[in-house]
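Peer 1: Sequence:
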Amino acid sequence: MCHDIGKKVSNVKCLECHKEIQSLLTNNKGYHASSGVRNKDCFECHSEHHGRKFDMVRFDENKFNHNLTGYVLEGKHTEVDCKQCHMPDNIANSDIRKRSGTFLGLDDACLSCHDDFHQNTLPNDCLSCHNMDAFKPVLNFDHNKTDYPLKGEHLNVDCAECHKITTRNGVKFQEFGDIPFADCKACHSDPHNNQLKGNCKECHTETSFSNFIGQGRFNHNITNFNLKGQHKNIDCFSCHDRSSDPLAVFQDNLNIAENNCVACHEDQHDGKYGTDCAKCHVESSFLSLKDMDFFDHSITDYPLQGQHLEVDCKQCHVERFSTPIDFSACNKCHNDYHQGEFADNGISPDCVECHSLENGFEFSLYTIEQHQTSSFPLDGAHMATPCFACHISEEDDRWTFVDLGSSCVDCHEDFHESYISANYYPNQDCTTCHVNDAWSLVSFDHNITNWPLEGKHLEVDCRSCHFETSENEIIISQKFTNLENQCASCHENVHDELFAIDGITDCNICHVTDSWFPKKFDHNSTAFPLKGRHAEIDCALCHEIRDENGETTILYKLNKLECIDCHLQ
Numbered sequence: 046m047c048h049d050i051g052k053k054v055s056n057v058k059c060l061e062c063h064k065e066i067q068s069l070l071t072n073n074k075g076y077h078a079s080s081g082v083r084n085k086d087c088f089e090c091h092s093e094h095h096g097r098k099f100d101m102v103r104f105d106e107n108k109f110n111h112n113l114t115g116y117v118l119e120g121k122h123t124e125v126d127c128k129q130c131h132m133p134d135n136i137a138n139s140d141i142r143k144r145s146g147t148f149l150g151l152d153d154a155c156l157s158c159h160d161d162f163h164q165n166t167l168p169n170d171c172l173s174c175h176n177m178d179a180f181k182p183v184l185n186f187d188h189n190k191t192d193y194p195l196k197g198e199h200l201n202v203d204c205a206e207c208h209k210i211t212t213r214n215g216v217k218f219q220e221f222g223d224i225p226f227a228d229c230k231a232c233h234s235d236p237h238n239n240q241l242k243g244n245c246k247e248c249h250t251e252t253s254f255s256n257f258i259g260q261g262r263f264n265h266n267i268t269n270f271n272l273k274g275q276h277k278n279i280d281c282f283s284c285h286d287r288s289s290d291p292l293a294v295f296q297d298n299l300n301i302a303e304n305n306c307v308a309c310h311e312d313q314h315d316g317k318y319g320t321d322c323a324k325c326h327v328e329s330s331f332l333s334l335k336d337m338d339f340f341d342h343s344i345t346d347y348p349l350q351g352q353h354l355e356v357d358c359k360q361c362h363v364e365r366f367s368t369p370i371d372f373s374a375c376n377k378c379h380n381d382y383h384q385g386e387f388a389d390n391g392i393s394p395d396c397v398e399c400h401s402l403e404n405g406f407e408f409s410l411y412t413i414e415q416h417q418t419s420s421f422p423l424d425g426a427h428m429a430t431p432c433f434a435c436h437i438s439e440e441d442d443r444w445t446f447v448d449l450g451s452s453c454v455d456c457h458e459d460f461h462e463s464y465i466s467a468n469y470y471p472n473q474d475c476t477t478c479h480v481n482d483a484w485s486l487v488s489f490d491h492n493i494t495n496w497p498l499e500g501k502h503l504e505v506d507c508r509s510c511h512f513e514t515s516e517n518e519i520i521i522s523q524k525f526t527n528l529e530n531q532c533a534s535c536h537e538n539v540h541d542e543l544f545a546i547d548g549i550t551d552c553n554i555c556h557v558t559d560s561w562f563p564k565k566f567d568h569n570s571t572a573f574p575l576k577g578r579h580a581e582i583d584c585a586l587c588h589e590i591r592d593e594n595g596e597t598t599i600l601y602k603l604n605k606l607e608c609i610d611c612h613l614q
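Numbers given in my numbering equal positions in the sequence shown, counted from 1, plus 45.
FYI, nobody ran anything at the bench for these hints, they're computed from the structure. Where hints are given, some of them may not hold.
As the list claims (entries may be wrong) - Simulated crosslink set (PhoX-like; lysine-lysine; CA at most 25 Å straight-line):
(1) Lys64 to Lys74
(2) Lys64 to Lys98
(3) Lys74 to Lys58
(4) Lys564 to Lys524
(5) Lys217 to Lys121
(6) Lys230 to Lys190
(7) Lys53 to Lys64
(8) Lys98 to Lys74
(9) Lys98 to Lys58
(10) Lys85 to Lys52
(11) Lys605 to Lys564
(12) Lys246 to Lys196
(13) Lys98 to Lys108
(14) Lys196 to Lys209
(15) Lys501 to Lys524
(16) Lys324 to Lys277
(17) Lys121 to Lys181
(18) Lys246 to Lys230
(19) Lys576 to Lys602
(20) Lys230 to Lys209
(21) Lys565 to Lys501
(22) Lys85 to Lys64
(23) Lys128 to Lys108
(24) Lys273 to Lys335
(25) Lys85 to Lys74
(26) Lys335 to Lys359
(27) Lys108 to Lys85
(28) Lys209 to Lys246
(29) Lys53 to Lys85
(30) Lys317 to Lys359
(31) Lys602 to Lys565
(32) Lys277 to Lys335
(33) Lys377 to Lys359
(34) Lys53 to Lys98
(35) Lys217 to Lys181
(36) Lys74 to Lys121
(37) Lys317 to Lys335
(38) Lys64 to Lys128
(39) Lys565 to Lys576
(40) Lys85 to Lys58
Given the sequences, and given the hints that come with them, work out the whole structure.
Peer 2: Take a look at the structure:
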């Protein structure tokens, strides 16, 4: 039953049958859910009992407020007749589609009413590009938001130039998706006929094909000539001829090897060092060179020899390697270590007169034979003395060869200064006593002193009398003046005070300098003159006394002159 007895028509009764309306109300969608309709009774709009042919859905289409449906009509939609949209073909629900004249069941998606012109090649959100006024022009579309923003002349090109209009599935179709754009040649023909590798935009811009920007952008490494160093910075047309012919531009200089520098650059060396410039030079600069150790200097005017082979190039070539160097003499490069010591009339001899390249400056070619022709010929121990002992200055540790002096004390310390009177070696002339062979060899005439040497004294080393030495033969002191001339001042007095006269023992009374044998002693001058057999016997028989321990004592004054004192009875 549609009515409760005695009551008006109930909305609940209506919605029990019209479930599609109840669903819209529940979901707060559609016209019936709008604030102006929701609280009305159904019969206020849909009266009944007017006959079977009575249209219960009656309203003035021209005055109907479509905004209450939740779908505001805009643009061209405001001009369209209701039946153009509210037609069975646009209703997805099959049950609703069967109802004649219904206004229910439409979707607000564009493609629920309109055909998909793009045939699923673009997203279904039509309003991202189009608006309600017209499909063309596409006012909402922004090409800059695509993967290919338009720049330069592309802004002036008609869309159809790139997006071709064709037929697909029997209907008109225009391509908008999957248009290749990674390479200009996808759209443009290649005027270079594939003679140039790389991407067009490395050299061209969208503004004009004639606007060349390839400097520093074109990947030259895809050619047979990799750009390095300064080659990266020079203008392309420094190497290539300018040409407006796209088939001719950059087609010159194609087969030049990277190491064939002279094909483009002038050979500053006139072929003297060959044509492989890359052996020495790098692309960063002709002045920036590689390690030159490999260079064969023998092809120059100055072949390297000896120590020069080990010298770093920059020590000689302080400027450019091609800057001429005067090598006519050593001092053109080397400072005069000797500071003009060998100069003659202001001109110093060249180093090669004494030095060689093989052994360097530390070795001298100056020989002993040459030294013998100098103002100081070498003799004796000087022949064995190393050169540095005389020729290295103690003041500045430098070799020097002039103003060294020729007297001994110019080099040697005067060991005897203040010990020996100048009378015996005037002007500190060591040669008065010494010779060059050794300091220990002395040739002094002692006869010019107040103590002429005689006998065994002639054989004694000077040091024995004049030097006081330690056990290690180190000289402690020396004495050459005011020496005592008494024998006992040097020799041990074995007689003690036995023969002393007034406290002085005069050895000369009995002894001579040849030996200690008392040659001058006359026994006949004593209280016991020797006679007979006494004159023949050895002195020791009388003067040597051996005690019970076997020790011998020599007695010169026996004080016993009787026979019985010596002879047994």
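Peer 1: Return the numbers of the hints above that this structure violates; sort them in rising order.
Peer 2: Hints 4, 8 not satisfied by this model.
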